[in-house]
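Asks: Residue-level listing of the chains:
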Amino acid sequence: MDDNNSNSLNASASQLEALAEVASIPRDDNGPVFSQPWQAEAFAMTLTLHAKGLFEWSEWAQCLAEEIKRAQSGGDPDLGDTYYHHWLAALEAIVVAKGVASESQLKQQYVAWDEAAKRTPHGAPIQL
Amino acid sequence: MTQQNTPDNDATNLADPNTDQSRQGSASQQLPREHHQHHHEHHHDHSHLDDTALRVRSLETLLTQKGYIEPEALNVLIDTYENKVGPRNGAKVIAKAWTNDRYRQWLLSDATAAIASLDFSGRQGEHMVVVENTAQVHNMVVCTLCSCYPWPVLGLPPTWYKSAPYRSRVVIDPASVLAEFGVTLEPHKKITVWDSTAEVRYLVLPERPANSEHLTEEQLAALVTRDAMIGTGLPLDSSLVSL
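Protein chains in written order, with my numbering: chain A, 1 to 128; chain B, 1 to 243.
Calculated from the structure, these hints are not laboratory results.
Even for Gly, the Cβ is constructed at its ideal location relative to N, Cα and C.
There's no promise every hint is true.
Stated by the list, open to error - DSBU-like mimics (lysine-lysine), calculated; alpha carbons at most 30 angstroms apart, straight line:
no., chain 1, residue 1, chain 2, residue 2
1, B, Lys66, A, Lys98
2, B, Lys66, A, Lys52
3, B, Lys96, B, Lys190
To be verified - Covered stretches of chain A, going by a simulated chain B footprint (3 or more residues, C-beta under 8 angstroms):
no., stretch
4, 38-46
5, 49-59
6, 94-105
7, 115-121
With these hints in hand, go ahead and build the complete structure from the sequences.
Replies: Here is the structure:
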């Protein structure tokens, strides 16, 4: 393993310690577990933004907790299968709250990707 | 759809009869990449991203544009976790097949049911087919779509698995792709490449490692790597067991 690689692994190891503060993340003995790739993508984006100093873990934990609370009060039984949906909502919220992107920019991208998908032949890579 | 799920049958019997993508053994050298052959439930001729996928992509695009994330670095991070997606259900399936011949037969004739019997439920409608490596045949799995991958059994797909070069090269020249993964097969071995579709997902049953007779099912499962179940690797050497 080269130095770059081990550095990135060490960085994520320290981030994982920070993750311990985040309530109820689905995990096994070795760390977080994901049931679908987008969950790992959302997770990795969050780690990266934290590493860039965009927010403290305590802020993230609070943001995520608020999303989970909101979902529960909206009738989500919160059995674990919706955890990363809350995570994604929290990520969108904190990105907007920190002024990185506006809601309308997110909406624009959403529409652009949706249209890109619809004009892309099935099986071809979807590109904007 | 007729399913004759023994690996010794002609490959075309295993997949949807409307596709000929599964007939991509070493005999077939052309690139049958017509995407309508991906037989989807809804027969869409265009792609579709669901709400969640669109939101994740939107975030990724914006954060990349604004310099907060680099796709390459993100992939490295994701790769760090790719072996940690869910329990290693597939490895347990393989180890059971190695130690229990009745289970092995069941797995080869009705993989969906045999896998479900271990309480590893796949996503609804997902049809699994297990292809068995033998002294004569080595199987590899490819997919033109990142959605055609049995997450519940195999975990997260590696980044390279989704890359266009891998997908096309593995069909044209599987032996050289294998060599890049550090796998050299005996020259007489035939390589069969299976293209997963939205309806049929393949899992490779590797050959049981030599000198592993004394190992328990649990120890054997530890030898089964994700790559071995895709066919881009072989199970670990039995001497590596350290339980």
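Asks: Between lysine 66/B and lysine 52/A, does the CA-CA distance stay at or below 30 angstroms?
Replies: Holds, at roughly 12 angstroms.
Asks: Are at least 3 residues of the stretch 94-105 of chain A within less than 8 angstroms of chain B when you compare beta carbons?
Replies: holds (count 4)
Asks: Would the pair lysine 66/B and lysine 98/A pass a check requiring their Cα atoms to be no farther apart than 30 angstroms?
Replies: Holds, at about 13 angstroms.
Asks: Hint check: lysine 96/B vs lysine 190/B, CA-CA at most 30 angstroms. Holds or violated?
Replies: holds (25 angstroms)
Asks: Under a C-beta cut-off of less than 8 angstroms, do 3 or more residues of the stretch 49-59 of chain A approach chain B closely enough to confirm the stated coverage?
Replies: With 3 residues in contact (Cβ-Cβ under 8 angstroms with chain B), the coverage given for the stretch 49-59 of chain A holds.
Asks: Can you take a look at whether the stretch 38-46 of chain A is actually covered by chain B? Rule is 3+ residues, C-beta closer than 8 angstroms.
Replies: holds (count 7)
Asks: Is the coverage entry for the stretch 115-121 of chain A by chain B consistent with the three-residue Cβ rule at 8 angstroms?
Replies: Since three or more residues must qualify, the claim that chain B covers the stretch 115-121 of chain A holds, with 5 doing so at under 8 angstroms.
The structure agrees with every numbered hint stated previously.
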